Amino acid sequence: MNAIREPALGHLRWPTAGGSQVPYGVFTDPAIYELEQQRLFRGDAWSFVALEAEIPASGDYKSTFVGDSPVVVSRAEDGSIHAYVNRCAHRGAAICRELRGNVQNHTCVYHQWAYDLKGNLIGVPFRRGLNGQGGMPADFDMKKHGLQKLRVDAYAGLVFATFSDSVEPLQDYLGPMPCKAIDRIMSRPITVLGDQRQYVAGNWKLYAENTRDPYHASLLHLFHCTFGLYRSSQKGVSVMDAKRRHSMLTAMRGTDEGKVDGYQDTRTYNTDFTLADPSVLAGKPDFDDGVTLVILAVFPNLVVQQIANTLAVRQIIPRGVDKFELVWTQFGYADDDSEMQAIRNKQGNLIGPAGLISMEDGEAVEIVHRSIIRDQDQTSYIAMGGEQAKDAEHLVTEGSIIGFWEYYREVMGWAA
Amino acid sequence: MLDLSALVPVDLHYQVSKLLSDYVECIDDDRLEEWPQLFVEDCLYQVIARENADRGLPTSAMYCDSRGMLRDRVVALRHANIYAKHYYRHVLSNVNVKGVQDGEVLVQSNYVVLQTLVEGDTKVFNAGKYLDRIVATPDGLRFKRKVVVFDTYRIPNLLVTPL
Ligand code: FES
Ligand SMILES: [Fe+2]
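As they're listed, the protein sequences go chains A and B. In this text, residue positions in the first sequence follow full-length UniProt numbering: the first is 1, and each later residue adds one. In this text, residue positions in the second sequence follow full-length UniProt numbering: the first is 1, and each later residue adds one.
Don't read these hints as lab results, they were simulated from the structure. Honestly, I wouldn't trust all of these hints.
What the hints assert, rightly or not - Listed next, the in silico DSS-like pairs over lysine-lysine satisfying Cα-Cα at most 27 angstroms (straight line): (1) Lys144(B) - Lys18(B); (2) Lys180(A) - Lys235(A); (3) Lys118(A) - Lys180(A); (4) Lys85(B) - Lys129(B); (5) Lys144(B) - Lys323(A); (6) Lys323(A) - Lys123(B).
Stated by the list, open to error - Heads up, incomplete: computed chain B residues facing chain A, CB under 10 angstroms, no partners named: (7) Val10; (8) Tyr14; (9) Val16; (10) Glu51; (11) Pro58; (12) Thr59; (13) Ala61; (14) Met62; (15) Asp65; (16) Arg73; (17) Val75; (18) Ala80; (19) Arg89; (20) Pro156.
Stated by the list, open to error - Going by beta-carbon spacing under 10 angstroms, a handful of chain B positions derived as facing chain A: (21) Pro36; (22) Gly68; (23) Thr137.
Keep in mind that this is a model prediction, so the values were computed, not measured. Positions of the beta carbon are idealized from the N, C-alpha and C atoms, including for glycine.
Whole structure, please, built from the sequences with the hints as guidance.
Here it is, written out as structure tokens:
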């Protein structure tokens, strides 16, 4: 392991001990991408793979990814959830070729090896040969040729998987702050409303930064700001878990009336811009705490969001050093009445790849990625809020981004 | 046997094709301010991924149920949203006038949208079908309902200009 590690990490310099200056090479170097697959996505981390509500019944499955490894998440007859690598134990074909479905067992199309819903091998055609000829060796043991299984655990309806035997139990991995935020959003049974897939030409960590960045949200997303869905002048917090790998930012709409003068030096906040049909912004509170926006980033690949009445999980799938896919799964509550369904449906205009307030994030990632391909040792400068990985009771901070980088350095084995 | 001389849907087909052509032209020629005018006031414009449409799930990329919302989309993309300059080119085919029902013409057609970015290369950006319900108004044919079901369910970067 060390043989890969030293040359891969040695050539990039972090000019400071912490996470406030990030060498651009971490976004573009293929060796670092490889190491991330090994240390983060196959290391001691739980990756989000599904909502339980996506696979409610026995035999339901979903094909997805942990890092860039293809994985199938399935529900067995006894209700338990399993995850295994989507790769036949025979010669490596994908055993599951649909995004989702329901099956009694997974049968590989290539030579029809069959697996049960837990990933165990249960059938091999011509195992004893045909007419006394051919067949598998006498000592062939079905038990030794199942699919490669991952550890699976769920928290409040969110299913996570890991390749690691040593990572702590899921709830400990998440920690109290994310668990509380998840409990709040998942407090009632949910219904999946659909998926949106966005393919971004940039490194996945640029999106990890973006979702930990309350600073940009009112400056880049003019729609957001104009209609008061989110402004840096609102009441809100930017907080991290104890290890600073997960983070959450929240905001409360309607808490900055009469104190938005701070925007005079920005290009945003165009008060001439009014809506011909403001119904897209009409909603009803889902929660009684006044918080109207939550972006919870769970390391390494999940964002749980509440933006007005839109609820969604975003799964980040790295697809190479300069590409990632974002899968938005929108949901509502099972007991939503038709009025609430209509509200969520219409507010869907705000989020996803065509979202009036979210479309710019892909753009932000791409304009960074295109500009950093040279000068790999040069760095970004992340200092808003004091150049420190600190929680804040306000939104004019980049503290959570610094926290992310400090944890990243730690797991990657980059001495601080 | 079919009485060929009695076949007259040609006029209707022509009018429908003209509306569809006007529709793609005002997008492709960047006359987006004219685009909402091709809809009636009380319209539905929905852009939905095939994977959701096939499952009967509502999540849409765009969901506008009034002409005002269409105008707002255009105003937002002109003044609020940040994106790289790009051009669309629609290729439209299979315009199939399926019939007239309760004063609405039911039409299905296929589209391909090619996108050209400032770097100058042109790529297939999106492909799918239009499911239209078209009505006659004093101003001519207008969309009462346009549902865009897109096969290209993985969207490269972002979808800002309507399909
Ligand atoms: S590769 Fe799956 S059965 Fe041969
Ligand atoms: Fe953003």
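Status of each hint after checking the structure:
1. Note on Lys144(B) and Lys18(B): the hinted pairing holds, with a Cα-Cα distance of about 16 angstroms set against a maximum of 27 angstroms.
2. For a cut-off of 27 angstroms, the pair hint linking Lys180(A) to Lys235(A) stands: about 19 angstroms separates their Cα positions.
3. Annotation: proposed proximity of Lys118(A) to Lys180(A) is violated, straight-line Cα distance about 31 angstroms (limit 27 angstroms).
4. The suggested pairing of Lys85(B) with Lys129(B) holds, with an alpha-carbon distance near 25 angstroms, which does not exceed 27 angstroms.
5. For the suggested pair Lys144(B) and Lys323(A), the alpha carbons sit about 39 angstroms apart, so the restraint of at most 27 angstroms is broken.
6. For the hint pairing Lys323(A) with Lys123(B), the CA-to-CA distance comes to about 17 angstroms; that is within 27 angstroms, so the pair holds.
7. Look at Val10(B): its Cβ only gets to about 37 angstroms from chain A, farther than 10 angstroms, so that hint breaks.
8. For Tyr14(B), the shortest C-beta to C-beta distance to chain A is roughly 32 angstroms, which exceeds 10 angstroms, and the interface hint is violated.
9. The criterion of a C-beta within 10 angstroms of any C-beta in chain A is not met by Val16(B), whose closest approach is roughly 27 angstroms, and the hint is violated.
10. Below 10 angstroms, beta-carbon pairs count as interface contacts, and Glu51(B) has one with chain A at about 6 angstroms; its hint therefore holds.
11. Interface hint status for Pro58(B): upheld, as the beta-carbon distance to the closest one in chain A is roughly 5 angstroms, under 10 angstroms.
12. About 3 angstroms separates the beta-carbon of Thr59(B) from the nearest beta-carbon of chain A, less than 10 angstroms, and the hint is met.
13. A hinted interface residue such as Ala61(B) counts as satisfied when its beta carbon comes closer than 10 angstroms to some beta carbon of chain A; here the least separation is about 4 angstroms, so the hint holds.
14. Using the Cβ-Cβ criterion of 10 angstroms, the hint placing Met62(B) at the interface with chain A is satisfied: the shortest such distance is roughly 5 angstroms.
15. Proximity of Asp65(B) to chain A holds as hinted, the smallest CB-CB distance being about 7 angstroms (cut-off 10 angstroms).
16. For Arg73(B), the shortest C-beta to C-beta distance to chain A is roughly 8 angstroms, which falls under 10 angstroms, so the interface hint holds.
17. The beta carbon of Val75(B) comes within 7 angstroms of a beta carbon in chain A, closer than 10 angstroms, and the hint placing it at the interface holds.
18. The restraint placing Ala80(B) at the interface with chain A holds, with a minimum CB-CB distance near 4 angstroms, inside the 10 angstroms limit.
19. For Arg89(B), the interface hint is violated, since its Cβ never comes within 10 angstroms of a Cβ in chain A; the closest pair sits about 19 angstroms apart.
20. Interface restraint check for Pro156(B): the shortest CB-CB distance to chain A comes to about 5 angstroms, inside 10 angstroms, so the restraint holds.
21. At a threshold of 10 angstroms, the smallest CB-CB gap from Pro36(B) to chain A is about 9 angstroms, leaving the interface hint in force.
22. Using the Cβ-Cβ criterion of 10 angstroms, the hint placing Gly68(B) at the interface with chain A is satisfied: the shortest such distance is roughly 3 angstroms.
23. Among the interface hints, the one on Thr137(B) is violated; its C-beta lies about 19 angstroms from the nearest C-beta in chain A, farther than the 10 angstroms criterion.
Comparing the model with each numbered hint stated earlier shows that hints 3, 5, 7, 8, 9, 19, 23 do not hold.
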